[in-house]
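Take the given structure of chain A and dock chains B and C to it, following the hints.
As a plain string of letters, each chain reads:
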Amino acid sequence: MRGTRAISKIAIVGIVIVIIVVAAVVGYFLMQPAKKESVLIMGTTDTVESCLDPARAYDYFGWEIIQALGSGLVEYRPGATGAAEDIVPALATSWSVSQDGLVWTFNLRQGVKFDDGTEFNATHVKYTFDRGIGIADPEGPFVGIGYGDIIENVTVVSKYVVKFYLKIPFSAFLSLLACQASYIVDPKYAPLNQVVEYKAGDARGSHPMGLGPYKLTKWTRTAGRDEEMVLEANPNYWNATGGYPKTQKIIIKFYADSASLALAIDAGEIDIAFRQLSAADINNLKTKTHLKVWQGTGAFIQYLVLQEKRPPFNNPIIRQAVAAAINRTAIVNTVFLGQVQKLYSIIPVGMFGHTDVFLTLGDPNYTLTRQLLAPLGYNETNKLTFKLWYETSGHYPQSPQLAQMLKASLEASGVISVELEGVEWTQYRQERIRETMDAYILGWYPDYIDPDDYIYPFLHSSGGSWLHHNYANPKMDQLIEWARGNTTASVREQLYEQIQELMAEDCPIIPIYQGSAWAVTKSNVKGVYLDITQSWRHWLVYKE
Amino acid sequence: MSKPAVKRNMLSRIIPAIGSLKERGLSGWLVILGAAIVTSIILMTLLAPWISPFDPTTKGINVGAPLTPPNSKFPFGTNDLGQDMLSRVISGGGIMLQVAFLSVAICLAIGVPLGLFSSYIDGMFDRSICLIMDSIYAFPGLILAIAIAAMLGRGVVNMALSIAVVYVPSYFRVVRSQVLSIKEMPYVEAARSIGAKSRTILFKYILPNVVPSIVVVATVNFADAILTAAGLTFVGLGVEVDVPDWGWDLTNGRRLLPSGAWWVITFPGIFIILLALGFTLMGEGLSEILNPKVGE
Amino acid sequence: MTLRVYIISRILLTIPMILILLTMVFVIIRVLPGDPVLLHFEKTEHPEAIEEMRQKLGLDKPIWAQYFDYLFGLLRGDLGKSMHDFSPIAEQIFSAFPATLELAIYSTIIAVSIGIFLGVEASKSYNKPKDHTIRIFGIVTYAIPIFFLGMLLQIIFAVNLRWLPVGGRTYPTMEPKGLKMSLSQLPEGFTIHLLLSCMAGLMISILCFAALKLKGKKITRKILGILISIFFIIWILWAWVGWYFISKGELHIATGLYTIDSLLEGNLYKFAEAIRYLILPSLTLGLVLSGVFIRLTRSNMLETIRLDFVTAAKARGLKETTVIYGYALKNAFLPILTMMGLQFAALLGGAILTETTFSWPGLGRYIVDRINFRDYTAIQGAIVFFGILVSIVSLVTDLLYAYLDPRIRL
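Residue numbers (numbering that gives the first Met the number 0), protein chains in the order written: chain A, 0 to 543; chain B, 0 to 295; chain C, 0 to 409.
With the rest of the complex left out, here is chain A (with noise of 0.2 Å):
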């Protein structure tokens, strides 16, 4: 009957997910491949902001990842604090430096091959600064950090030796071969007037570096946003017969945000979350058993900037008044729940230079604020009105809170009334550099460990003009200036209090906290070293 032919469909459909189910669950248990030991899953929410070429590269990711690929003349050791002797010999083996400080000779280590086999030589050092600055990309750190300023050329003395002539004595420059824009590059891969982008299914043509602890072996984008990366290890490391890498292959997932890393990070999906989960699930991480959290110095910081173009900032005492009015013991306790510390200077705190200039202005001084505001003629009647800005894509951990707080502080003084407007990162640069912003708030990691980053790029008037908010001192760019042609350090240091106590008076930027990395291990999780330099080194890691 034609009744029959119906059930017998819904039983034939039965019998098809049934067979499909078993099929499934025979499949899983039976045919697991071995897991193999040496493999460790880190889930990150970063991204590579664009590309993994030194020369144009210049977003904490993408640094992270450079320094797993290649190698500079010299690195700081881990658990470095940021001091002279924390600079070891990496591609280079010893170095020395002329009386006037303009003149740098390396001795570069021997038998260190590529991937090809080609052995690293003076040859491909210059090759690569020559590129970097050549290539002067607007958006990297050649530009940024001004390579271009501080080398005038450099020269191939011999084989293994390699002299960097510059054109003023910059203290900090063994400080800067140590960062990953001074990787040296495989001049195979990295021609010599090109960038090197993405390249799908080619994950060693998308980048150009060699000598590092580890291949890149997969890359996936998927659509513009990165799904999966996979690090094996480079037997051609120049550390390798150390021992290094600790862990043969390392595969980085990405998730969406702090939300889905926390659960995969929970759920025992990943053996590392490093960047970015929130301060609450910090705390949540902490009180479970079968993770570790391990907490690194800091010198991430945040601040807030203010456009001089036009009133109400053009005018230094409103600058000071908004500094006396900012709480930032609310903000450290509310927004992180303590993890971070206040920070009062532009300079954080451990590293040398650091002084708390911003302490006399308050934590908060709202009667300081008032009386500085009265005699323009702004009260309670008549507040200082302004719009504050700040970044929604989670370019920087919570900074829709950290904008309620400082709402809330600012205007807790009475006579301020501030307008949040957040935008999402791409356009928040753009009203950067369009000046659009009364006020905004940015962050900074740095580039290389001393003052001086954190100094020239803040407040000097040409290092500083990627920050377009207007401020030039003259005096200052004397003093910082001289700050960084200087090689003694109690020169140096003094120098950085002038320059700290005049930014007080200005106060074109003011510091808001300093910050600590993070990263929540499974327990059986070692060698994870969260020091000053804010790089995680991929190769010490590894699973018991």
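Please note that a few of the clues may not be correct.
Simulated crosslink set (DMTMM-like; lysine to aspartate or glutamate; CA at most 20 Å straight-line) [stated by the list, open to error]:
| # | chain 1 | residue 1 | chain 2 | residue 2 |
| --- | --- | --- | --- | --- |
| 1 | B | K58 | A | E418 |
| 2 | C | K127 | C | E319 |
| 3 | A | K217 | A | D115 |
| 4 | C | K247 | A | E434 |
| 5 | A | K542 | A | D270 |
| 6 | A | K198 | C | E302 |
| 7 | A | K386 | B | E239 |
| 8 | A | K474 | A | E496 |
| 9 | A | K386 | A | E418 |
| 10 | C | K176 | C | E319 |
| 11 | A | K308 | A | E434 |
| 12 | B | K58 | A | D45 |
| 13 | B | K182 | B | D121 |
| 14 | A | K217 | A | D270 |
| 15 | C | K329 | C | D307 |
| 16 | A | K308 | A | E496 |
| 17 | C | K179 | C | D77 |
| 18 | C | K176 | A | D201 |
| 19 | A | K217 | C | E90 |
| 20 | A | K158 | A | D129 |
| 21 | C | K123 | C | E302 |
| 22 | A | K162 | A | D115 |
| 23 | C | K176 | A | E227 |
| 24 | A | K187 | A | D129 |
| 25 | B | K58 | A | D362 |
| 26 | A | K217 | A | D45 |
| 27 | A | K166 | A | D476 |
| 28 | A | K386 | A | E430 |
| 29 | A | K285 | A | D270 |
| 30 | A | K198 | C | D77 |
| 31 | B | K58 | A | E410 |
Think of the hints as simulated: they come from the structure by calculation, not from any bench.
Here is chains B and C on its own, set in the frame of chain A:
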């Protein structure tokens, strides 16, 4: 006539309506229940400045320790900035309600007349508008709303506009199909043969018959507008963060959920569901009353 | 009109519709306020870089030239270059699309299954508590914000129970590769290949001929014509596709859908993993969408159940299940089919909220990312791609509808 008669007329209009709803059985109850939910939420939002225990804006930061679970002082707990969640829930419906009402108003103002004229006039004009409407209709609503909101910027008006653009085709279609079927009816032909102007026909005969379907679409529009507004806020295109808003609490609460702070997302979430539910119930009930599917 | 005429006219209608859509998109993007390149580019101090970008994207040519480039590029499958990193948009879209397709397929299956089953149950017990509960269930699941529901499921099943994964499509390095066969052992030479494909075409047409003869059908001239065209089509297709793979040295069939590719590869473990990762996202999406189908099925079934032929079938003593599923549902199915087509097409545009919650690398995330980056060329490419896709899906739905509903052919 004297005043009392006028009063009686009004009352007898309102009460019989409710009375007739009750007569309709379940569908009537659905409408009443839905309307009750919506009205109470609107009332709560309007009375918020007087009934919230604490200030839900940035002035209310740190009234309590951040992320305290629900207790006697803070029945709904506090969020990550130490703001009282109960106050935020009481005050937070305003944005969504504004967006919903505004988008429906825009849709009514644009979609209904467009549908009426286009289907009545017919021809090339109708065909091309149909094509445009179909293309918009086929496109996934949230993504279109995101694209438009990204272009226009943040804020209530822009959110309402982007939702309206996504929803106009629905009104258009419904109106059009009704007009097409009514157009051919004998009494319309009769009116035309008497020499009635098109405008009269349109507004006196066709429009009143189209109204029931519009009402149903409007209720669905309300519910969808609320959910889309939540979606827009999720991708960062909502209102500014210092304005108390359920959508923002939902997004923020999601970030805090893995760490165990379930109360930040749950209570606003419940109210969003309630509000959308209220409109949907009204829509379901009205749809059954106005277009009875089953002969009872 | 007959079925054939309807099919042909419907297919032909798609072409001008797509053309109009493409032109509309082109015009709207150009009409947008602001110069796309300037709006996108950060540093205004480098006019050479801006010029370079314009050139790379072909935006320096006159409008009509851009329009024709655009149209002819589409014929070649070129959707333009992304403003973000100048990579071809078609490549980016095609790398994201299979993930969206897979999610769309399984979510629709779940939504429709739950929806039809519950809708039928509700219609069977009209106005009783079961009906009310199911209706409320359908309304409530639709009203729950999807990222809330998704995260709840993640916390319960992934973090607390550890049964299912939190997100992604599969375990890292476990991506199925599809079917890979080395073709180096096959005989070389294009002529031999041509002969082989000719033989294949002949064999297949002869088989069809024999089958028809066995069934007793008369071989008219029309049928002979069809057989000959089958022969030629198979010959040409086989030769073309086959030569493409032979010149590559290996046969690689991969759909991008992990569930299918793992089966093609023959690896059941990868299949199981793909399904494990699919469960939560498609369940979340399916639950939320099921409400629509519950409501639709219920109302259509209520109408159909009252009709005479159903009463007649019941009177004949057929089992309730047979009557409901065999007769009533079949007749109520058509509007459900249309809705399936609509929903599926909408899902193909990417379910952005689900994709973000479950780190699913699909089109939804792609499009929203591009919107955030103000990557106008990519947005345009995505809209075009999606428009063509929806036209095809609605075409298929309409054709299916016409095939199933005899009334259309009148």
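Consistency of the hints with the structure:
Taking the CA atoms of K58 of chain B and E418 of chain A, the gap is about 13 Å. The hint holds against a cut of 20 Å. A distance of roughly 18 Å separates the Cα atoms of K127 of chain C and E319 of chain C; the hinted pair therefore holds under the 20 Å criterion. Restraint check for K217 of chain A and D115 of chain A: satisfied, since their Cα atoms lie roughly 19 Å apart, inside the 20 Å limit. Under the criterion of a C-alpha separation no larger than 20 Å, the hint pairing K247 of chain C with E434 of chain A is inconsistent with the structure, at around 54 Å.
This hinted pair checks out: K542 of chain A and D270 of chain A have alpha carbons roughly 9 Å apart, not beyond 20 Å. Restraint check for K198 of chain A and E302 of chain C: the C-alpha separation of about 58 Å exceeds 20 Å, so the hint is violated. Of the supplied pair hints, the one linking K386 of chain A and E239 of chain B holds, its CA atoms being roughly 12 Å apart against a limit of 20 Å. For the proposed pair K474 of chain A and E496 of chain A, the alpha carbon gap of about 14 Å is at most 20 Å, so the pair holds.
Using a Cα cut-off of 20 Å, the hinted pair K386 of chain A and E418 of chain A holds, with the two alpha carbons roughly 5 Å apart. Our distance criterion of 20 Å between C-alpha atoms is broken by K176 of chain C and E319 of chain C, whose separation comes to about 46 Å. Taking the CA atoms of K308 of chain A and E434 of chain A, the gap is about 8 Å. The hint holds against a cut of 20 Å. With a C-alpha separation of about 33 Å, the suggested pairing of K58 of chain B with D45 of chain A is violated against the 20 Å cut-off.
At most 20 Å may separate the alpha-carbon atoms for a hinted pair to count; K182 of chain B and D121 of chain B meet this at roughly 11 Å. A C-alpha spacing of about 19 Å is found between K217 of chain A and D270 of chain A, which places the hinted pair at or below 20 Å, so the restraint holds. Using a Cα cut-off of 20 Å, the hinted pair K329 of chain C and D307 of chain C holds, with the two alpha carbons roughly 15 Å apart. Taking the CA atoms of K308 of chain A and E496 of chain A, the gap is near 27 Å; set against the 20 Å cutoff, the hint is violated.
In summary, the hint linking K179 of chain C to D77 of chain C is not supported, as the alpha carbons are separated by about 27 Å, beyond the 20 Å threshold. At roughly 16 Å between alpha-carbon atoms, K176 of chain C and D201 of chain A fall within 20 Å of each other, so this suggested pair holds. A hinted pair counts as satisfied when its Cα atoms are at most 20 Å apart, and K217 of chain A with E90 of chain C qualifies at roughly 18 Å. Distance restraint check for K158 of chain A and D129 of chain A: the Cα-Cα separation of roughly 17 Å lies within the 20 Å cut-off, and the hinted pair is therefore satisfied.
Taking the CA atoms of K123 of chain C and E302 of chain C, the gap is near 11 Å; set against the 20 Å cutoff, the hint holds. A C-alpha spacing of about 26 Å is found between K162 of chain A and D115 of chain A, which places the hinted pair above 20 Å, so the restraint is violated. Note on K176 of chain C and E227 of chain A: the hinted pairing holds, with a Cα-Cα distance of about 16 Å set against a maximum of 20 Å. This hinted pair checks out: K187 of chain A and D129 of chain A have alpha carbons roughly 15 Å apart, not beyond 20 Å.
Annotation: proposed proximity of K58 of chain B to D362 of chain A holds, straight-line Cα distance about 19 Å (limit 20 Å). A hinted pair counts as satisfied when its Cα atoms are at most 20 Å apart, and K217 of chain A with D45 of chain A qualifies at roughly 17 Å. A hinted pair counts as satisfied when its Cα atoms are at most 20 Å apart, and K166 of chain A with D476 of chain A qualifies at roughly 17 Å. Restraint check for K386 of chain A and E430 of chain A: the C-alpha separation of about 13 Å stays at or below 20 Å, so the hint holds.
For the proposed pair K285 of chain A and D270 of chain A, the alpha carbon gap of about 15 Å is at most 20 Å, so the pair holds. The hinted pair formed by K198 of chain A and D77 of chain C meets the criterion: a straight-line CA distance of about 18 Å does not exceed 20 Å. Straight-line distance between C-alpha atoms of K58 of chain B and E410 of chain A comes to about 8 Å, which keeps the hinted pair within the 20 Å bound.
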